[in-house]
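Undergrad: Sequence:
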Amino acid sequence: MRQTFILSLLFFQLVFSSHRVLTDAAGGRWQLLQKSIGISAMHMQLLNNDRVIMFDRTDFGKSNISLPDGKCRNDSRDLALKIDCTAHSVEYNVLTNTVRPLTVQTDVWCSSGAVMPDGRLIQTGGFNDGERRIRIFKPCPNCDWQEVENGLGARRWYATNHILPDGRQIVIGGRRQFNFEFYPKTTAPNVYSLPFLVQTNEAGVENNLYPFVFLNVDGNLFIFANNRAILLDYASNKVVKEYPTIPGADPRSYPSTGSAVLLPLKNLQSPAIEAEVLVCGGAPKGAYRQAENGAFVGALNTCARIKINDPTPQWVLETMPKPRVMGDMILLPNGNVLIINGAAKGAAGWELGREPVLEPVLYRPDNPPASRFELQNPSTIPRMYHSTAVLLRDGRVLVGGSNAHALYNFTGVLFPTELSLEAFSPSYLDATVSNLRPKIVKSNTQVKHNQKLVIEFAVPGKVALDKVYVTMVAPSFTTHSFSMNHRLLVLGSEKVTPLGKTNYQVQVTTPPSGNLAPSGYYLLFVVHQDIPSEGIWVQVQ
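Numbering (numbering that gives the first Met the number 0), first residue to last: 0 to 540.
Don't take every hint at face value.
[Stated by the list, open to error] Lysine-lysine pairs mimicking DSSO-like chemistry, simulated, CA-CA at most 30 Å apart: (1) K306 - K237; (2) K284 - K321; (3) K321 - K34; (4) K461 - K451; (5) K240 - K184; (6) K306 - K265; (7) K240 - K265; (8) K494 - K438; (9) K441 - K461; (10) K441 - K451.
Since the hints were derived computationally from the structure, they do not count as laboratory data.
Using the sequences and the hints given, assemble the complete structure.
TA: Printed below as a string of structure tokens:
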């Protein structure tokens, strides 16, 4: 009896201790911004006027927000509603927490995009009558979508876009498209074959859609699809490096949807800059077919890192606190990575996800391997298939979307269509560290490559400065668990000069070339003791 009591006590202490550690480790807070924006935010892009463009698809039927002034979309090819007077795209004003309906004429379902150097969002492809469309949105008051018919050389559904050093976009892949093309077009041919996408294609499942694409520091493109990657010289259409298969050989791209980021680029003036890619989560091989048959297998609980410019690059596995499929990965201003949204079982697709993962995970890439992951405070809203997240200028992460169904279903389903918007505030926004938080007072907002930049900032608390550095973040086009064109550059800190009791100047040098930072708009932050300032918009020209 006494032995049983002691064992029970030890068990209780172990459980209590584990719970306490988890509680102590948890951080961040959630805020419900809008109960309904009228649409499910399947795609998101932050623009340089602090507006976020969002859209879902046109063949959902009626949305919950009307088009203005009696406008209607008349589309004889729409699969749900030929005449639709509701919006399927909105502009969210971050500063006023308000929503404005936008008019998109053709189906943007599962499309892609990126922001051009002048700040215009170029959005490509989609489904049905939208599959070869190019749509342009200019960040200006009361602007709306402009559409270009047959602007693409191939049908693009589930493709990936990236900005190139010369300011063009490359559009890669898509369903049954084993090729790439450019926008704007300069020389023929319009479409270039990419056999890698044939090699990574799986009959009936594919597992190579929405490939993870990153611009390497040498100007070539790292392209990951299914369970492996190449380095592509897109200018000559030659594969210059093949990477090993990811350990375990499980697929990580759609519909076995993991996520990926290019980890922060540092030492930008060095002739040998290290570039490292992190791929997290996904679903085991066969998970999609099993989910279609009602068997929801556990998602992958691993991340894999690879130094893509090493002479003999190898993947290194790490274990996440929880398995996750359909998670989003966001680069935070201090260089950490937030993993958010998704499910613990199943795969991407209608009704195919189970067990929502409500807790985000913070990943600190510079920590020792055993101390990189930290669970954060949970949301109360499941964010399953078609959920999204983007970094905002104030350091919060905007979270929306989730539509696990073919139509708008708000009742009678396991995961109702989600029209709400939330913000997750990492712990660096806690009031307890406000005395450490810098505020940018003055800076140039138009900069060139390899330019000295002096930023004046203030720290309100009477504290000794420590670990001051400057970062630049390219805002992402996020959909289907991948943040396209997302990158963070650590400009460092060459010299910090006091200007008084609370004001300082920090001198940095901007990235030396478009291979590191393609021209365009970036969010610039001053970071002090891992606490970032609110960002300011700078344009690299």
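Undergrad: All hints, please: hold or fail.
TA: Here is how each hint holds up against the structure:
no.: 1; hint: K306 - K237; verdict: 20 Å, holds
no.: 2; hint: K284 - K321; verdict: 18 Å, holds
no.: 3; hint: K321 - K34; verdict: 28 Å, holds
no.: 4; hint: K461 - K451; verdict: 28 Å, holds
no.: 5; hint: K240 - K184; verdict: 26 Å, holds
no.: 6; hint: K306 - K265; verdict: 13 Å, holds
no.: 7; hint: K240 - K265; verdict: 23 Å, holds
no.: 8; hint: K494 - K438; verdict: 17 Å, holds
no.: 9; hint: K441 - K461; verdict: 20 Å, holds
no.: 10; hint: K441 - K451; verdict: 14 Å, holds
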